[in-house]
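Undergrad: Residues per chain, in single letters:
Number of protein chains: 4
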Amino acid sequence: MNEPLREEKVFKDPVHHYVYVRDQTIWDLINTKEFQRLRRIRQLGTTYLTFHGAEHSRFSHSLGVYEITRRIISQFERNGYPDWPVEERLVSLCAALLHDVGHGPFSHSLEEIFDTDHEEWTCNILLGDTDINKVLRQVSEDFPEKVAAVIQKTYPKPIVVSLISSQMDADRMDYLLRDAYFTGVNYGTFDLERILRVLRPYQGKIVVKESGMHAVEHYLMSRYQMYWQIYFHPVTRSSEIILRQIFRRAHELNQQGYTFRWMADPIQKLLNNTLSLQDYLKLDESMAQMAFAEWSEEADEILSDLCRRFLNRRLYKYVTIEPDEALLAEVADAMLAVGLNPDYHMEIDYPFDLPYDVYKPDQNNGEKKEKAPILLLDSEDGISEISVKSDIVRSITGLRQGQYHLYFPEEPLAQNKDRLSERMIKLFKLD
Amino acid sequence: MNEPLREEKVFKDPVHHYVYVRDQTIWDLINTKEFQRLRRIRQLGTTYLTFHGAEHSRFSHSLGVYEITRRIISQFERNGYPDWPVEERLVSLCAALLHDVGHGPFSHSLEEIFDTDHEEWTCNILLGDTDINKVLRQVSEDFPEKVAAVIQKTYPKPIVVSLISSQMDADRMDYLLRDAYFTGVNYGTFDLERILRVLRPYQGKIVVKESGMHAVEHYLMSRYQMYWQIYFHPVTRSSEIILRQIFRRAHELNQQGYTFRWMADPIQKLLNNTLSLQDYLKLDESMAQMAFAEWSEEADEILSDLCRRFLNRRLYKYVTIEPDEALLAEVADAMLAVGLNPDYHMEIDYPFDLPYDVYKPDQNNGEKKEKAPILLLDSEDGISEISVKSDIVRSITGLRQGQYHLYFPEEPLAQNKDRLSERMIKLFKLD
Amino acid sequence: MNEPLREEKVFKDPVHHYVYVRDQTIWDLINTKEFQRLRRIRQLGTTYLTFHGAEHSRFSHSLGVYEITRRIISQFERNGYPDWPVEERLVSLCAALLHDVGHGPFSHSLEEIFDTDHEEWTCNILLGDTDINKVLRQVSEDFPEKVAAVIQKTYPKPIVVSLISSQMDADRMDYLLRDAYFTGVNYGTFDLERILRVLRPYQGKIVVKESGMHAVEHYLMSRYQMYWQIYFHPVTRSSEIILRQIFRRAHELNQQGYTFRWMADPIQKLLNNTLSLQDYLKLDESMAQMAFAEWSEEADEILSDLCRRFLNRRLYKYVTIEPDEALLAEVADAMLAVGLNPDYHMEIDYPFDLPYDVYKPDQNNGEKKEKAPILLLDSEDGISEISVKSDIVRSITGLRQGQYHLYFPEEPLAQNKDRLSERMIKLFKLD
Amino acid sequence: MNEPLREEKVFKDPVHHYVYVRDQTIWDLINTKEFQRLRRIRQLGTTYLTFHGAEHSRFSHSLGVYEITRRIISQFERNGYPDWPVEERLVSLCAALLHDVGHGPFSHSLEEIFDTDHEEWTCNILLGDTDINKVLRQVSEDFPEKVAAVIQKTYPKPIVVSLISSQMDADRMDYLLRDAYFTGVNYGTFDLERILRVLRPYQGKIVVKESGMHAVEHYLMSRYQMYWQIYFHPVTRSSEIILRQIFRRAHELNQQGYTFRWMADPIQKLLNNTLSLQDYLKLDESMAQMAFAEWSEEADEILSDLCRRFLNRRLYKYVTIEPDEALLAEVADAMLAVGLNPDYHMEIDYPFDLPYDVYKPDQNNGEKKEKAPILLLDSEDGISEISVKSDIVRSITGLRQGQYHLYFPEEPLAQNKDRLSERMIKLFKLD
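Protein chains in written order, with this note's numbering: chain G, 5 to 435; chain H, 5 to 435; chain B, 5 to 435; chain V, 5 to 435.
Simulated from the structure, these hints should not be mistaken for laboratory data.
Careful: at least some of the hints might be erroneous.
One copy or any two copies: either way a pair holds, since identical chains are not told apart in the list.
Said to hold, decoys possible - Subject to a maximum C-alpha distance of 25 Å in a straight line, what follows is the list of computed DSS-like cross-link-like pairs (lysine-lysine): (1) 421 - 433; (2) 37 - 209; (3) 273 - 375; (4) 375 - 213; (5) 209 - 157; (6) 273 - 157; (7) 421 - 321; (8) 430 - 13; (9) 393 - 13; (10) 209 - 138.
With the sequences and hints as input, model every part of the structure.
TA: Listed below in structure tokens is the structure:
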């Protein structure tokens with residue numbers, strides 16, 4: 005059973021000033037070993053190699069999502085809005101706090117190589133034999149399932165889901181502000197206090213009072229800037245490519261029966277695709293870094309080179325290209341000519357292959373990531389989707405400014421320029 | 005030879021907005037693997053367990069110290085002050101950038117257990133067979149020695165030393181601002197721009213124009229607050245105690261010939277006191293965290309309990325006491341009564357045992373950490389030490405508000421309350 | 005002759021931290037009575053009635069424009085860019101400092117009623133019998149004309165003009181940041197430091213290094229938001245309408261030979277269109293406020309009511325309408341029906357009638373306000389206008405989200421609802 | 005009767021982000037003409053002549069004091085603390101909003117010359133024939149008297165008084181933060197959110213939870229810095245001296261039957277000491293500025309010179325002295341020798357003659373300005389005054405770093421150096 009704490013606990017937080025905890029259940033969840041593990045997983049993966057301040061962890065982000073959710077609900081309760089189901093407070097707070105608990109080290113990269121999914125792990129952690137499950141079950145026997153349902157977006161009350169999963173949810177609002185703070189850019193600083201004030205529960209949805217439209221526009225413009233200047237930064241993409249290649253190579257070698265030097269047991273099981281929940285919980289970024297350190301001395305040159313590149317930040321260079329088959333074949337030939345492996349030493353990147361996230365209102369075509377659009381509530385016209393009312397939102401919706409980039413290691417090419425055609429030298433900008 | 009870069013490089017920095025690099029030598033130093041390693045060592049050790057934002061690394065701090073030094077020298081050059089030796093620019097910048105390069109994981113704790121010293125390692129890295137040494141030697145054959153001399157405070161020109169080592173040096177100015185930013189407190193935000201403007205090179209020293217006295221007062225008050233509220237925070241002290249106990253226990257077991265499960269080679273050599281420079285450079289916080297993860301499953305219960313405490317943040321509790329021998333003997337007996345080991349499960353802490361750092365002008369009594377005092381330059385009276393002129397500085401100089409704290413694990417005592425005397429129950433606040 | 009100051013002077017400024025003065029000429033200009041007069045004229049006219057923090061004066065803005073210009077030129081000089089004419093430094097700084105010196109109280113409103121123009125007054129002040137003219141003439145006999153030419157955009161070197169008059173000039177950069185700071189909104193906080201770093205003098209123009217494109221996008225988005233949320237705010241528009249009506253009424257009464265109570269001499273001359281330069285310099289906002297206070301007790305009811313509305317902030321209400329002739333005629337009839345005067349008590353406002361300022365690159369159609377567009381400099385393609393390269397800029401260029409608003413006094417209509425048709429009651433939102 | 009507003013109103017505020025109004029009574033008070041008049045009176049008098057950003061009005065400060073009080077009470081209500089008398093909410097909010105409503109232009113200076121007192125005027129406004137009185141009486145017949153009693157510190161419940169009048173009240177907390185924001189210094193930025201969280205109503209007093217001691221220390225250090233660096237700034241003191249001399253001279257001339265040019269009626273009555281409440285309400289800073297403008301052309305040279313000095317910011321110069329009778333007599337002789345009037349052209353200033361405000365806990369000696377000390381609440385020791393517990397507070401309490409300054413007009417002395425002794429030339433720093 006959840007009880008209010010005798011005395012409110014506070015965490016000093018650089019983004020929200022303070023995070024306030026008033027429930028025993030929330031306090032106990034924060035103190036589980038599974039939640040503490042999030043301190044060892046960075047929020048922005050390899051971004052710290054581009055923006056050195058971005059060393060913050062998923063632990064602080066999770067507290068932040070919880071805090072924003074708490075403030076939204078508080079406002080709903082204080083004003084006694086009838087469309088907010090007051091009995092959903094605790095399940096909402098728990099889901100907000102725990103929505104990322106299944107993340108592993110460098111999850112996005114890992115998930116592309118191994119067939120895992122952090123949302124699945126989140127549910128395993130909530131429902132499996134963990135301290136988190138024990139704390140949740142003290143509320144009620146079916147409470148872990150309820151929290152998991154919110155995270156999986158199958159909870160019967162969509163208003164609860166939309167708090168942590170919509171086009172303007174607590175998750176996004178926290179990460180935009182937090183990532184802006186830690187990278188040091190000022191694009192992401194929209195007016196959170198204003199937005200929290202204009203949210204309203206309304207017929208099973210969360211909507212925005214029309215007077216808050218400008219604040220929402222500002223939020224969407226911030227988001228746009230953060231995507232292009234932080235999340236899709238080509239140097240960060242370079243480090244992600246190297247990371248992915250490392251895991252791809254290790255996986256491949258493992259399948260080929262290659263004998264590795266020492267390897268931590270959970271890493272071995274990751275390569276074998278035999279991770280149990282307990283193994284998974286041991287995986288964190290220090291274990292991954294240690295693996296890279298060990299592999300940087302492996303006999304396999306591709307693997308050891310990639311690991312040294314990652315640890316010492318000697319990333320791949322990139323150039324902008326218009327990719328076509330003939331050109332890519334020529335690039336691959338050039339790679340071979342200087343003794344490189346096109347499979348590992350060149351990669352075409354186009355940020356739109358990512359789950360692209362700049363505001364799209366009409367995402368109901370059955371894909372996994374669809375998110376509830378932002379709705380304005382007007383006393384006269386009722387509900388309208390924001391891009392109907394806002395010229396600026398309409399004008400940036402669907403904007404795509406991505407370019408194709410070719411990534412490659414510069415040094416071996418530069419050292420063997422004599423084996424390259426003029427065209428390739430120009431393409432690689434080696435002149 | 006150092007050359008200006010064809011195009012200035014910038015790093016986005018949350019504290020200084022941008023860090024500007026204009027010298028090939030500085031750029032090359034940043035890109036060495038020894039410098040990149042600082043990304044894997046946190047600036048504030050275990051403080052992130054108290055202030056979750058404090059996850060920033062020595063890498064960003066080192067860039068910050070460099071940047072402040074660069075701005076000071078720039079101002080000196082722009083104004084053409086005759087007392088600034090212009091030929092010392094590069095050695096000053098290199099020393100600023102590299103002054104912390106010898107830090108290992110959780111250095112302060114480790115240094116208390118093993119007989120190591122990060123300043124010594126810094127010199128080994130500068131002078132030994134490293135990429136850093138190679139870059140420095142390109143400037144001139146004796147350049148590595150010159151940089152090392154600045155860091156060891158033996159450089160013949162004291163004005164260069166005082167840039168990175170005095171009561172108001174670039175090192176402190178950066179860490180106060182940076183630690184305030186990342187923890188999220190606003191105590192540390194003095195007016196850096198103002199201070200940089202009022203510094204003057206003067207007869208081999210760096211002094212402050214008297215009109216800048218108030219800015220210096222503000223800096224010293226910020227420092228006072230940061231010490232008591234961040235650096236000496238009792239929860240941080242608790243995590244440091246546990247960390248130290250972990251290493252002490254591992255060291256002891258190793259000396260007793262205990263057989264450990266797998267252990268990374270540099271950790272083994274650390275326990276054996278046989279670390280080479282190359283081994284030392286492999287030590288980072290991910291390796292330390294991995295060791296804790298492994299040891300948390302060791303058979304030795306003291307070691308495994310300490311490691312689990314650290315990883316899962318179940319720290320020791322503390323109470324304020326007036327320590328006397330009789331009382332401490334009684335506490336030790338209580339520990340034994342519940343099956344604890346007084347050697348590991350109780351510790352008296354008094355922050356003044358630390359290198360205490362609040363402003364002390366008269367530190368010339370031969371101790372290691374002596375730092376040049378802050379001097380004011382007045383057109384009429386010449387030079388005076390700041391506490392002579394400033395009432396507020398004089399009044400806080402030497403203030404000591406420390407208390408003795410007793411640290412101990414709460415749960416085993418709480419679970420065995422029946423074996424404790426009333427006095428001990430009261431002392432441990434178990435009622 | 006201009007000399008460097010023996011000791012640099014600084015002003016503490018909330019937006020730029022410090023404003024630095026190093027030239028005797030600049031220092032002397034700031035201390036003239038004509039420049040000090042800017043302390044008595046608010047930067048944002050009546051905006052303080054909407055955003056109570058917006059009480060800052062043209063004095064601080066003028067210092068800010070000077071400071072940004074100084075930093076741009078400093079950067080050009082430090083890097084020794086050959087396309088910057090170094091001999092133009094002082095004329096640029098003086099023009100930046102003085103560009104607004106001809107503003108009178110609530111200039112924009114006054115200029116619509118009386119046939120005056122603040123830029124003309126600026127030139128009169130520079131060239132007439134003033135302290136400013138005396139200071140400028142100490143530089144050289146033709147120096148006042150040179151400064152005036154920069155402000156009038158007729159100076160032979162367009163690069164100097166563009167510093168203070170282009171789509172991204174020191175004037176705009178200061179007012180966006182300053183107005184955001186004092187109103188307290190966070191829309192306007194683009195990254196000034198970054199923008200200053202990427203500006204380059206290039207063939208008689210100031211261009212932006214292509215790597216700075218994102219910072220410029222952010223600046224343009226900030227500007228867009230500031231326009232719609234601050235400068236075109238309908239409550240501010242309401243106060244401007246009342247202000248304009250006050251002066252229109254006083255002007256009309258004066259022409260009709262109405263006998264006013266006491267009136268300050270410059271106000272009388274303003275109404276008579278006979279202001280001399282010395283009279284104009286006496287006009288400031290305290291004189292205007294005093295006039296309103298006096299007029300609030302005049303016998304003419306329209307004038308006294310308008311003045312009381314302004315002083316006590318009982319502004320006109322507004323509703324959104326689609327204006328057509330028939331509707332406006334009906335509104336006018338409704339006004340008459342309740343004893344109001346349609347000439348003064350209703351006004352249609354459409355922000356686009358203003359000198360609309362959101363980014364428009366193609367402003368070469370001979371109009372007065374044309375401003376140099378923002379140009380990007382790319383090592384490969386040379387110069388391109390920003391909207392060619394930036395999707396987001398292209399998408400917001402020319403966006404018009406203005407609506408027609410009808411302004412009117414609410415109370416007399418509400419008190420006489422019985423005399424209004426249902427349609428009018430609905431239109432005025434009196435139900 | 006007070007009613008909650010149908011829809012909460014917000015003011016954008018740069019210091020508190022938003023000011024929230026939820027009561028009809030508060031909303032109506034803000035819209036009275038007497039409260040709107042505060043927009044025409046600067047919060048910091050002449051400080052804008054030293055710190056150009058300090059142009060903010062008493063209107064914004066009054067909203068700020070209201071908002072802090074509202075947040076404190078909200079917290080008390082939300083936690084249901086039994087020692088907070090819930091029925092005192094509205095009277096507290098009204099007193100907070102209106103506590104400064106009796107301020108006139110440059111009150112502190114005026115009050116020294118004329119025998120007026122802004123607190124008395126405040127009560128006259130609350131109790132006299134004003135719109136404010138009308139609004140208050142709608143709550144209940146005796147409500148105006150109740151609000152006035154809180155402001156006069158005679159209200160029977162001291163806890164209500166202490167909200168707006170104690171060593172750490174809403175008034176001070178707002179002005180420290182606000183004045184820091186608008187001047188642009190960062191000394192004043194203590195952690196308001198933290199302090200609001202640790203306040204507790206306790207036995208008729210407001211006390212601070214002991215865990216908040218450090219936040220209070222930080223507040224007191226901020227205050228200390230603000231006093232010495234903003235409020236007692238010698239340039240501001242110079243402008244206040246000139247202002248006082250202006251009124252003193254006008255008063256004297258008026259008593260002597262001097263015939264002035266035109267003078268606004270309330271100014272005439274001020275000089276005659278015959279101001280009615282309605283006259284007083286017409287006095288604002290634009291009227292004062294207009295008077296200075298008129299007087300700057302008066303025949304009396306002392307008055308016209310002082311007014312021109314004020315308007316054009318040609319302030320008195322100052323030097324630090326050790327005043328003794330002989331020296332002052334010599335200075336007076338020097339004044340006479342160059343044709344100056346010692347009565348108006350020299351003034352000794354010692355900031356301690358001001359109501360000195362740096363923290364003094366023991367102010368119960370019957371003086372007017374006594375303020376409740378700051379009390380800490382500890383679960384064990386009960387209540388203690390903060391300087392008992394805090395070393396840093398104890399050490400700065402009673403610190404006095406004031407110096408005697410001599411103020412004088414520089415130019416006439418410099419132009420007549422030949423008539424001065426060497427000693428005087430040195431004293432005036434004319435060499």
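Undergrad: With reference to the structure, classify each hint as holding or not holding.
TA: Results for each hint:
1. 421 - 433: For residue 421 and residue 433, the Cα distance is within 25 Å only inside one copy (11 Å; across copies 73 Å).
2. 37 - 209: neither (34 Å within a copy, 43 Å between copies)
3. 273 - 375: neither (34 Å within a copy, 53 Å between copies)
4. 375 - 213: Answer is within; shortest intra-copy Cα gap is 19 Å, inter-copy 38 Å.
5. 209 - 157: within (14 Å within a copy, 50 Å between copies)
6. 273 - 157: Neither way: residue 273 and residue 157 sit 30 Å apart in one copy and 51 Å across, limit 25 Å.
7. 421 - 321: For residue 421 and residue 321, the Cα distance is within 25 Å only inside one copy (16 Å; across copies 64 Å).
8. 430 - 13: Close across copies (23 Å), not inside one copy (60 Å); limit 25 Å.
9. 393 - 13: Between copies only: 23 Å across, 42 Å inside.
10. 209 - 138: Neither: 31 Å inside a copy, 44 Å across copies.
Violation of the numbered hints given earlier is confined to hints 2, 3, 6, 10; the remaining hints are satisfied by the structure.
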